[in-house]
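Peer 1: Generate coordinates for the entire structure from the input sequences, incorporating the hints supplied.
Quick note, the sequences are listed as chains E and X, same order. For what it's worth, the numbering used here labels the leading residue of the first sequence as 12, then goes sequentially. For what it's worth, the numbering used here labels the leading residue of the second sequence as 299, then goes sequentially.
There could be a bad hint or two in this list.
With a cut-off of at most 20 angstroms between alpha-carbon atoms, the simulated EDC-like pairs for lysine to aspartate or glutamate come out as follows [to be verified]:
no.: 1; chain 1: E; residue 1: Lys34; chain 2: X; residue 2: Glu377
no.: 2; chain 1: X; residue 1: Lys455; chain 2: X; residue 2: Asp389
no.: 3; chain 1: X; residue 1: Lys343; chain 2: E; residue 2: Glu132
no.: 4; chain 1: E; residue 1: Lys39; chain 2: X; residue 2: Asp389
no.: 5; chain 1: E; residue 1: Lys34; chain 2: X; residue 2: Glu395
no.: 6; chain 1: E; residue 1: Lys31; chain 2: X; residue 2: Glu370
no.: 7; chain 1: X; residue 1: Lys371; chain 2: E; residue 2: Glu132
no.: 8; chain 1: E; residue 1: Lys222; chain 2: E; residue 2: Asp77
no.: 9; chain 1: E; residue 1: Lys44; chain 2: X; residue 2: Glu395
no.: 10; chain 1: X; residue 1: Lys343; chain 2: X; residue 2: Glu353
no.: 11; chain 1: X; residue 1: Lys525; chain 2: X; residue 2: Glu504
no.: 12; chain 1: E; residue 1: Lys34; chain 2: X; residue 2: Glu370
no.: 13; chain 1: E; residue 1: Lys31; chain 2: X; residue 2: Glu377
no.: 14; chain 1: X; residue 1: Lys343; chain 2: E; residue 2: Asp129
Bear in mind the hints are in silico, worked out from the structure with no lab data behind them.
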Amino acid sequence: MQYLHNIGAYFLMIVEMFRKPTKWAVMKQLILKDVDDLIIGSLGIVSFISFFVGGVVTIQTALNIDNPLIPKYLVGFATRQSILLEFAPTFMSIIMAGKVGSFITSSIGTMRVTEQIDALEVMGINSLNYLVFPKFIALLLYPFVISISMFLGMLGGMAACVYGGFSTLEDYIVGLQIDFDTFHVIYAFIKTFVFAFALATIPSFHGYYMKGGALEVGKASTTSFVWTSVVIIVLNYFLTQMLLS
Amino acid sequence: MIEVNNLHKSFGDAEILKGISTTFDKGKTNLIIGQSGSGKTVFLKCLLGLFNYEEGTISYDGKIFSQLSEDEKRNLRSEIGMVFQGSALFDSMTIAENVKFPLQMFTKQSKSEMDDRVDFVLKRVNLDGAHNKMPSEASGGMQKRVAIARAIVNNPKYLFCDEPNSGLDPKTAIVIDNLIQEITQEYQITTVINSHDMNSVMEIGEKIVFLKNGLKEWEGSKHNIFKTDNATVTDFVYSSNLFKKVRRMYNEENE
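Peer 2: Listed below in structure tokens is the structure:
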């Protein structure tokens, strides 16, 4: 019953987020700050993880292809497909649920505990629009992060492939280019936009409606990570079923 | 003036406010006092419109809050200043940005006009020169003064303070009390203070409403709280040895 209540409250929060907009001069600053916190601030960890995971994907693919009849360019092809279809959009989003999601929940949760949200409400400000809407807008730039993740994943794969002696640079590049389907990129970006919405709103929900003190802020961050991950995985399944099958 | 009539508020089966009626006068410091759990904070949050209530009316200078449209409620809220117990300053903003915030949200003033107003208000609360400090760098007393500055920067008609002295040393507490009283009289604001600090009651209690178990037990001023024969009020007021001595001395002086 509590789950149903929370799902209802979540959708009501989304409706409320678009009502009574904050003055544009103030909102502009909030969006820029959130772009800095959520997007620019994530580039470092995203780049690092993507590069090395791209390398690992390539090494594992190469080591598992021991049949001399299978062309060497398949290493590049398999790396591209893994990174483009799943690693960058989905698994990077789960990592971001930990990084960005915890940040959103703890910052909004702390504002709740220290009565800063009450202060906004008393002033007649729609606190959901003030706090959540700029995060939603900032995360519309999330596909930019995922593009970088895709590029660096393939770059990491290339480095591992060439310097590990698994295949030649030419073979790897042929593999990246072969049998390329533009719709796979569109599919990846559709998923990314949907996940960005989940990344902005689910952690905000857990922070905004939390009750208690500092300990509960920590608990809310954990719960928010778990639920954002679950929702991303479930949405990933349905989107893949709808778009690729 | 704020008029409250027969206010009822429950959480589930628990009735917290059981029909409170009172008035809070303009240009006066009105105190709500009572023991923990008496319903003070719930009452204050109902006055602020943060809690809905089941029965009764609250009117602000004749405007009944529950009958206002959303826009009218929003306009009314822009006339309210609030000092929270923990100050509730926005910790990502400097002190000056905190004070400027209501001006940015509700006025069309130019940047220089806003800066002038912020300078004026920060001087008024004796915080000149603290503009660029972050709230975390300010002491408890300074934070309370910033909260007062933010509450009055937009010339509110109504000022609400939730235990403005909590966590402050007695000397700073008196400074904050006097500042609130001066501002109330200077700008003719209707000020409502939620407190259980007896020093505040004696210092600035121009009107006192005593709550017990969600009901108004007593109403008066700091002058007649000494003379009341209401056992619950005297129990509360003279719970500390210091005030027992004050009462004895007061009675001896008047005999």
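Peer 1: Now, for every hint given, state plainly whether the structure supports it.
Peer 2: Hints, one by one, checked against the model:
no.	hint	result
1	Lys34(E) x Glu377(X)	holds, 18 angstroms
2	Lys455(X) x Asp389(X)	violated, 26 angstroms
3	Lys343(X) x Glu132(E)	holds, 11 angstroms
4	Lys39(E) x Asp389(X)	holds, 19 angstroms
5	Lys34(E) x Glu395(X)	holds, 16 angstroms
6	Lys31(E) x Glu370(X)	holds, 13 angstroms
7	Lys371(X) x Glu132(E)	holds, 11 angstroms
8	Lys222(E) x Asp77(E)	violated, 56 angstroms
9	Lys44(E) x Glu395(X)	holds, 15 angstroms
10	Lys343(X) x Glu353(X)	holds, 15 angstroms
11	Lys525(X) x Glu504(X)	holds, 15 angstroms
12	Lys34(E) x Glu370(X)	holds, 18 angstroms
13	Lys31(E) x Glu377(X)	holds, 18 angstroms
14	Lys343(X) x Asp129(E)	holds, 10 angstroms
Hint compliance for this structure: hints 2, 8 are not met, and every other hint is.
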